[in-house]
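Undergrad: Residues per chain, in single letters:
2 protein chains.
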Amino acid sequence: MERARGNSAKTGDSLAKMPQKIKNLSAVFNPSSIAVIGASREPNKIGHVIVKNFIDGGFGGKVYPINPNAEEILGLKSYKSVLDIREKVDCAVIAVPAAAVPEVLEECGKKGVKAVVLITGGFSEVGKMEEEKRVAAIANKYGIALIGPNCMGVLTPASRVDSVFLPIYKLGRPRVGGISFISQSGAVGGCIVDLAARAGIGMSKFVSYGNAAVIDECDLLEYFASDKETQIIVVYLEGVRDGRRFLEIAKKITRKKPVVVLKAGRSAAGAEAARSHTGSLSGASEAYKAAFRQAEVIEAATLEQLFDFAKIFDQVLPCGKRIGIITNGGGMGVLATDSIEDEGLALADISGEASQALRLTLPPYANVRNPLDIIGDADSHRYEVALNAFLKEENVDVILLIILFQTVAIDSSVVNIAIRASDTQKKPIIAVCTGGEYTEMHKRILESYGVPTYASPSSAMRAISRFVKYAEHYSKYNNTACPAPIKKQK
Amino acid sequence: MERARGNSAKTGDSLAKMPQKIKNLSAVFNPSSIAVIGASREPNKIGHVIVKNFIDGGFGGKVYPINPNAEEILGLKSYKSVLDIREKVDCAVIAVPAAAVPEVLEECGKKGVKAVVLITGGFSEVGKMEEEKRVAAIANKYGIALIGPNCMGVLTPASRVDSVFLPIYKLGRPRVGGISFISQSGAVGGCIVDLAARAGIGMSKFVSYGNAAVIDECDLLEYFASDKETQIIVVYLEGVRDGRRFLEIAKKITRKKPVVVLKAGRSAAGAEAARSHTGSLSGASEAYKAAFRQAEVIEAATLEQLFDFAKIFDQVLPCGKRIGIITNGGGMGVLATDSIEDEGLALADISGEASQALRLTLPPYANVRNPLDIIGDADSHRYEVALNAFLKEENVDVILLIILFQTVAIDSSVVNIAIRASDTQKKPIIAVCTGGEYTEMHKRILESYGVPTYASPSSAMRAISRFVKYAEHYSKYNNTACPAPIKKQK
Numbered sequence: 000m001e002r003a004r005g006n007s008a009k010t011g012d013s014l015a016k017m018p019q020k021i022k023n024l025s026a027v028f029n030p031s032s033i034a035v036i037g038a039s040r041e042p043n044k045i046g047h048v049i050v051k052n053f054i055d056g057g058f059g060g061k062v063y064p065i066n067p068n069a070e071e072i073l074g075l076k077s078y079k080s081v082l083d084i085r086e087k088v089d090c091a092v093i094a095v096p097a098a099a100v101p102e103v104l105e106e107c108g109k110k111g112v113k114a115v116v117l118i119t120g121g122f123s124e125v126g127k128m129e130e131e132k133r134v135a136a137i138a139n140k141y142g143i144a145l146i147g148p149n150c151m152g153v154l155t156p157a158s159r160v161d162s163v164f165l166p167i168y169k170l171g172r173p174r175v176g177g178i179s180f181i182s183q184s185g186a187v188g189g190c191i192v193d194l195a196a197r198a199g200i201g202m203s204k205f206v207s208y209g210n211a212a213v214i215d216e217c218d219l220l221e222y223f224a225s226d227k228e229t230q231i232i233v234v235y236l237e238g239v240r241d242g243r244r245f246l247e248i249a250k251k252i253t254r255k256k257p258v259v260v261l262k263a264g265r266s267a268a269g270a271e272a273a274r275s276h277t278g279s280l281s282g283a284s285e286a287y288k289a290a291f292r293q294a295e296v297i298e299a300a301t302l303e304q305l306f307d308f309a310k311i312f313d314q315v316l317p318c319g320k321r322i323g324i325i326t327n328g329g330g331m332g333v334l335a336t337d338s339i340e341d342e343g344l345a346l347a348d349i350s351g352e353a354s355q356a357l358r359l360t361l362p363p364y365a366n367v368r369n370p371l372d373i374i375g376d377a378d379s380h381r382y383e384v385a386l387n388a389f390l391k392e393e394n395v396d397v398i399l400l401i402i403l404f405q406t407v408a409i410d411s412s413v414v415n416i417a418i419r420a421s422d423t424q425k426k427p428i429i430a431v432c433t434g435g436e437y438t439e440m441h442k443r444i445l446e447s448y449g450v451p452t453y454a455s456p457s458s459a460m461r462a463i464s465r466f467v468k469y470a471e472h473y474s475k476y477n478n479t480a481c482p483a484p485i486k487k488q489k
Numbered sequence: 000m001e002r003a004r005g006n007s008a009k010t011g012d013s014l015a016k017m018p019q020k021i022k023n024l025s026a027v028f029n030p031s032s033i034a035v036i037g038a039s040r041e042p043n044k045i046g047h048v049i050v051k052n053f054i055d056g057g058f059g060g061k062v063y064p065i066n067p068n069a070e071e072i073l074g075l076k077s078y079k080s081v082l083d084i085r086e087k088v089d090c091a092v093i094a095v096p097a098a099a100v101p102e103v104l105e106e107c108g109k110k111g112v113k114a115v116v117l118i119t120g121g122f123s124e125v126g127k128m129e130e131e132k133r134v135a136a137i138a139n140k141y142g143i144a145l146i147g148p149n150c151m152g153v154l155t156p157a158s159r160v161d162s163v164f165l166p167i168y169k170l171g172r173p174r175v176g177g178i179s180f181i182s183q184s185g186a187v188g189g190c191i192v193d194l195a196a197r198a199g200i201g202m203s204k205f206v207s208y209g210n211a212a213v214i215d216e217c218d219l220l221e222y223f224a225s226d227k228e229t230q231i232i233v234v235y236l237e238g239v240r241d242g243r244r245f246l247e248i249a250k251k252i253t254r255k256k257p258v259v260v261l262k263a264g265r266s267a268a269g270a271e272a273a274r275s276h277t278g279s280l281s282g283a284s285e286a287y288k289a290a291f292r293q294a295e296v297i298e299a300a301t302l303e304q305l306f307d308f309a310k311i312f313d314q315v316l317p318c319g320k321r322i323g324i325i326t327n328g329g330g331m332g333v334l335a336t337d338s339i340e341d342e343g344l345a346l347a348d349i350s351g352e353a354s355q356a357l358r359l360t361l362p363p364y365a366n367v368r369n370p371l372d373i374i375g376d377a378d379s380h381r382y383e384v385a386l387n388a389f390l391k392e393e394n395v396d397v398i399l400l401i402i403l404f405q406t407v408a409i410d411s412s413v414v415n416i417a418i419r420a421s422d423t424q425k426k427p428i429i430a431v432c433t434g435g436e437y438t439e440m441h442k443r444i445l446e447s448y449g450v451p452t453y454a455s456p457s458s459a460m461r462a463i464s465r466f467v468k469y470a471e472h473y474s475k476y477n478n479t480a481c482p483a484p485i486k487k488q489k
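Protein sequence lines correspond, in order, to chains A and B.
Count the first sequence with numbering that gives the first Met the number 0 and you get residues 0 to 489, in order.
Count the second sequence with numbering that gives the first Met the number 0 and you get residues 0 to 489, in order.
Read the hints as simulated data drawn from the structure, not as lab findings.
Misleading hints may appear alongside valid ones.
A pair counts as met if it fits within one copy or between any two copies, since identical chains are not told apart.
[Stated by the list, open to error] Straight-line alpha carbon distances no greater than 20 Å define the calculated SDA-like cross-link-like pairs of lysine to any residue that follow:
| no. | residue 1 | residue 2 |
| --- | --- | --- |
| 1 | Lys169 | Gly121 |
| 2 | Lys169 | Ala198 |
| 3 | Lys169 | Pro42 |
| 4 | Lys44 | Asp410 |
| 5 | Lys169 | Val407 |
| 6 | Lys169 | Arg443 |
| 7 | Lys127 | Ala365 |
| 8 | Lys169 | Ala408 |
| 9 | Lys169 | Ile374 |
| 10 | Lys44 | Ile374 |
| 11 | Lys51 | Glu70 |
| 12 | Lys169 | Asp376 |
| 13 | Lys110 | Asp89 |
| 14 | Lys16 | Val95 |
| 15 | Lys255 | Gly108 |
| 16 | Lys127 | Asn366 |
| 17 | Lys320 | Ser266 |
| 18 | Lys22 | Met440 |
| 19 | Lys169 | Asp378 |
| 20 | Lys76 | Glu86 |
| 21 | Lys44 | Asp378 |
| 22 | Lys227 | Lys251 |
| 23 | Lys250 | Gly111 |
| 24 | Lys51 | Gly319 |
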């Protein structure tokens with residue numbers, strides 16, 4: 000569930016100043032009408048699955064199947080060509096064989112279609128450079144924002160746009176949220192979307208941009224910079240077409256929105272593998288690292304980190320790096336304390352007001368210190384007392400809330416307490432829950448309500464360190480009271 | 000499911016030469032009769048849950064509830080004291096108030112009870128040193144192997160011994176497997192057991208040893224060294240009582256069985272937190288690191304690593320560090336290749352026989368190289384061809400099998416193929432599967448049949464590097480043909 004947080008966005012340049020093709024990207028993500036070119040009556044065909052996804056997913060706009068040999072597909076009138084449709088068509092999803100692409104794309108141009116998602120493969124990724132150039136030339140002639148070719152599609156959970164042609168039982172679709180995710184690899188992108196769906200993490204947009212014949216990673220960054228529903232930009236990259244432009248855009252964006260990047264092809268052998276995968280020239284790893292640092296981009300080293308770093312921004316930005324730890328398992332507190340040192344954070348001093356309040360309420364066998372071990376027999380009420388004390392304590396900038404759901408005294412009500420505390424938006428609250436089925440269920444509820452939840456103290460603390468560093472950067476460029484929510488809703 | 004692997008064990012010293020209390024540990028893990036002292040008729044009491052766990056869990060031996068005020072508990076005749084039982088009692092689980100412990104323990108000694116799991120807290124962890132010494136003295140007088148006090152209990156999945164007093168719906172119980180897990184912290188231990196249960200990972204024994212008044216981590220290590228059902232020893236430690244003894248025992252064990260250790264309290268603040276948690280003197284982090292290195296103990300830095308490193312030993316030991324990567328998602332291959340460099344492993348050269356076999360079978364648009372991208376339209380058959388080629392290829396020591404379950408062409412049959420290939424025991428096969436519900440389901444099947452499965456190429460490769468290093472160490476001390484299974488069954 001997405002909750003309103005603070006005021007309207009003032010991020011990035013306004014769309015009005017941007018090139019036509021970037022402006023037209025809004026028709027990719029929020030079209031009011033869509034044509035599926037290559038729509039099919041056969042259930043195992045991509046052109047069938049895409050039409051079905053739009054219908055079943057509850058897309059609010061019009062859907063026009065295009066197939067020269069069908070009258071009707073899935074109960075919708077079918078057309079021979081987009082040119083036969085009387086009404087306006089904002090976006091076309093194309094899934095016809097490669098040889099037929101130029102003709103149907105030309106028709107899209109004539110029809111005034113603003114955006115195209117070209118699923119079809121068989122272009123530059125198999126060495127057909129000329130064919131890809133021809134496609135790009137047609138799109139550019141008409142100012143069409145073309146995603147692809149050779150891509151996996153686009154998702155906008157809020158408007159139910161879903162051209163990802165993989166079955167929903169295999170690849171889950173996430174709830175509406177603030178993360179927009181740009182992926183050069185369809186496979187890596189799909190994994191992350193699927194993970195997000197299961198974990199309860201929200202997304203604003205997902206786009207697998209494939210061969211990037213027209214719209215590339217920089218265009219997408221520019222678009223998401225000014226997209227009000229996008230609060231966090233996540234990127235999986237193998238190579239960047241225009242390094243200088245990427246650096247400039249990223250530098251501008253990170254003053255307003257966090258950008259998390261996983262760059263694959265860092266090693267020599269990895270770069271070689273990337274070249275054979277997407278034809279990307281991965282370039283020198285050190286050059287990328289330096290550019291990311293300069294642009295204040297948050298670099299993830301692994302898939303887990305990409306995920307861990309992105310979701311933390313659901314919380315208000317921290318005012319500092321002093322961590323207060325609450326736990327019902329002493330050992331987890333020890334591990335969290337080790338990680339504080341590993342990540343260059345600080346253990347908050349809670350000797351003041353919080354300490355007194357806690358001493359009055361906690362059982363006498365609980366030590367009032369940080370990490371605050373509220374002991375294995377802690378119930379929800381004890382968590383509430385501890386959370387309130389830490390929310391008030393001036394020395395605590397970030398609250399790490401460790402909940403072991405295995406104990407007898409804990410039940411689901413602790414989840415409500417954590418969510419209510421997070422909703423006050425006074426301080427970031429980051430949860431750690433480690434365990435099996437029962438724990439997983441509660442983790443998902445926490446994530447669904449915007450409380451980032453980690454499987455270990457170390458992974459939480461690593462994300463917190465990026466969060467704290469970004470908050471410092473953000474506050475340099477924004478006159479906001481501290482703590483500031485990045486999440487700014489329409 | 001546990002499958003027989005190779006010959007009988009010849010690990011560690013024989014039990015016969017060990018002190019009585021260590022010999023008596025077998026009565027903790029495999030008793031033929033058990034008394035629950037402090038058994039209760041009230042469902043919310045620990046003494047009730049423990050009796051219920053033994054009955055519901057299908058424990059094959061006799062269970063004697065002890066409660067001076069009850070005639071019958073959960074359908075079993077109840078006794079006033081262990082001394083009233085005519086038959087032999089191997090083990091007693093004690094969950095009476097701290098003040099009553101010395102008396103019931105003395106009775107256990109008189110009765111000839113060999114082992115005691117003392118759940119009761121309120122001893123040295125709250126400063127009651129003298130009370131704990133008294134308990135230890137009674138146990139030592141009778142040679143009782145006493146676990147605890149202040150512990151969470153013991154699990155032996157094979158014999159259905161289950162004195163962990165937490166509800167099964169909150170803390171799952173793992174299948175039978177080769178991992179024995181020693182945890183100083185009940186909470187951390189419980190999390191790991193719960194995670195293992197959900198992930199499909201097997202355990203031989205779990206023991207939360209609490210204050211270690213009698214049996215400490217070194218005694219447990221010695222016992223597991225000679226325990227035939229234990230193939231891998233996993234330890235969560237905050238402090239070690241006798242560092243020299245630990246080092247000596249560990250050095251001896253690692254020649255036969257891998258030992259994975261997570262040492263908490265590494266940082267100064269973490270050590271301080273550990274002191275307040277279990278009263279442990281964590282000692283200098285560097286001293287521990289050096290000792291672990293010297294003993295060839297595999298050190299985990301995080302909870303995730305503890306888990307990741309332990310489960311990889313379900314596979315046969317590798318003959319070298321040359322990795323062959325099979326993937327149906329190019330991006331995942333690039334990430335895996337980066338990780339090979341990060342972890343000091345090598346990308347196998349597959350230009351020989353494997354390459355020719357693959358070129359004949361794979362579609363023309365698949366590049367025959369390493370990482371081997373069998374493309375997003377790969378079905379189970381294509382995985383089988385690739386696996387067989389890599390099993391035959393002399394240059395491949397370890398197979399990294401990346402399966403993205405999100406694609407249209409993949410179904411559950413690929414799981415059978417992976418398990419069959421793993422069952423040949425020709426080479427270690429390590430899987431990577433990243434995704435949501437559908438993927439999770441298949442991950443659990445793979446794990447249940449002994450194919451270690453990771454959520455990312457980087458976490459897999461990190462575990463493989465420890466696996467390769469341990470294999471080198473193992474082969475120095477064992478005259479086994481390569482690849483060698485560590486898993487040696489009764």
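Undergrad: Hint by hint, note whether the structure agrees.
TA: Status of each hint after checking the structure:
1. For the identical chains of this complex, Lys169 and Gly121 are neighbours neither inside a copy (25 Å) nor across copies (51 Å), given an alpha-carbon limit of 20 Å.
2. In this assembly of identical chains, Lys169 and Ala198 lie within 20 Å of each other by CA distance both inside one copy and across copies; the values are 15 Å within and 19 Å between.
3. Taking the shortest alpha-carbon separations for Lys169 and Pro42, only the intra-copy value of 16 Å comes in at or below 20 Å, while the best inter-copy value is 42 Å.
4. Only between protomers do Lys44 and Asp410 lie at most 20 Å apart by alpha-carbon distance; the minimum there is 17 Å, versus 46 Å within a single protomer.
5. For the identical chains of this complex, Lys169 and Val407 are inter-copy neighbours only, at 8 Å across copies versus 35 Å inside a copy, given an alpha-carbon limit of 20 Å.
6. For the homomeric pair Lys169 and Arg443, the shortest alpha-carbon distances inside one copy (19 Å) and between copies (15 Å) are both at most 20 Å.
7. Taking the shortest alpha-carbon separations for Lys127 and Ala365, only the inter-copy value of 15 Å comes in at or below 20 Å, while the best intra-copy value is 69 Å.
8. Taking the closest pair of Cα atoms, Lys169 and Ala408 come within 20 Å of each other only across two copies (11 Å); inside a single copy the shortest separation is 36 Å, beyond that limit.
9. For the homomeric pair Lys169 and Ile374, the shortest alpha-carbon distance between copies (17 Å) is at most 20 Å, but the shortest distance inside one copy (41 Å) is not.
10. Taking CA atoms no more than 20 Å apart as the test, Lys44 paired with Ile374 passes between copies only; the shortest distance there is 18 Å, against 57 Å inside one copy.
11. With identical chains, the CA atoms of Lys51 and Glu70 are at most 20 Å apart within one copy only, with a shortest distance of 16 Å there and 66 Å across copies.
12. Taking the shortest Cα distances, Lys169 and Asp376 sit within 20 Å of each other only across copies (15 Å), while inside one copy they are farther apart (40 Å).
13. Taking identical chains as interchangeable, the C-alpha atoms of Lys110 and Asp89 lie at most 20 Å apart only when both belong to the same chain, with a minimum of 10 Å there against 85 Å between chains.
14. With identical chains, the CA atoms of Lys16 and Val95 are never at most 20 Å apart, being 34 Å at best within one copy and 76 Å at best between copies.
15. Taking the closest pair of Cα atoms, Lys255 and Gly108 never come within 20 Å of each other, the shortest separation being 35 Å inside a single copy and 70 Å across copies.
16. For the homomeric pair Lys127 and Asn366, the shortest alpha-carbon distance between copies (16 Å) is at most 20 Å, but the shortest distance inside one copy (69 Å) is not.
17. Only between protomers do Lys320 and Ser266 lie at most 20 Å apart by alpha-carbon distance; the minimum there is 17 Å, versus 33 Å within a single protomer.
18. Taking the shortest alpha-carbon separations for Lys22 and Met440, neither the intra-copy value of 41 Å nor the inter-copy value of 42 Å comes in at or below 20 Å.
19. For the homomeric pair Lys169 and Asp378, the shortest alpha-carbon distance between copies (15 Å) is at most 20 Å, but the shortest distance inside one copy (38 Å) is not.
20. Taking CA atoms no more than 20 Å apart as the test, Lys76 paired with Glu86 passes inside one copy only; the shortest distance there is 13 Å, against 82 Å between copies.
21. Taking the shortest alpha-carbon separations for Lys44 and Asp378, only the inter-copy value of 16 Å comes in at or below 20 Å, while the best intra-copy value is 53 Å.
22. With identical chains, the CA atoms of Lys227 and Lys251 are at most 20 Å apart within one copy only, with a shortest distance of 16 Å there and 62 Å across copies.
23. Within a single copy, Lys250 and Gly111 get their C-alpha atoms no closer than 34 Å, and across copies no closer than 74 Å, so neither meets the 20 Å cut-off.
24. Proximity of Lys51 to Gly319 under the C-alpha cut-off of 20 Å is found in neither arrangement, the shortest distances being 48 Å within a copy and 49 Å between copies.
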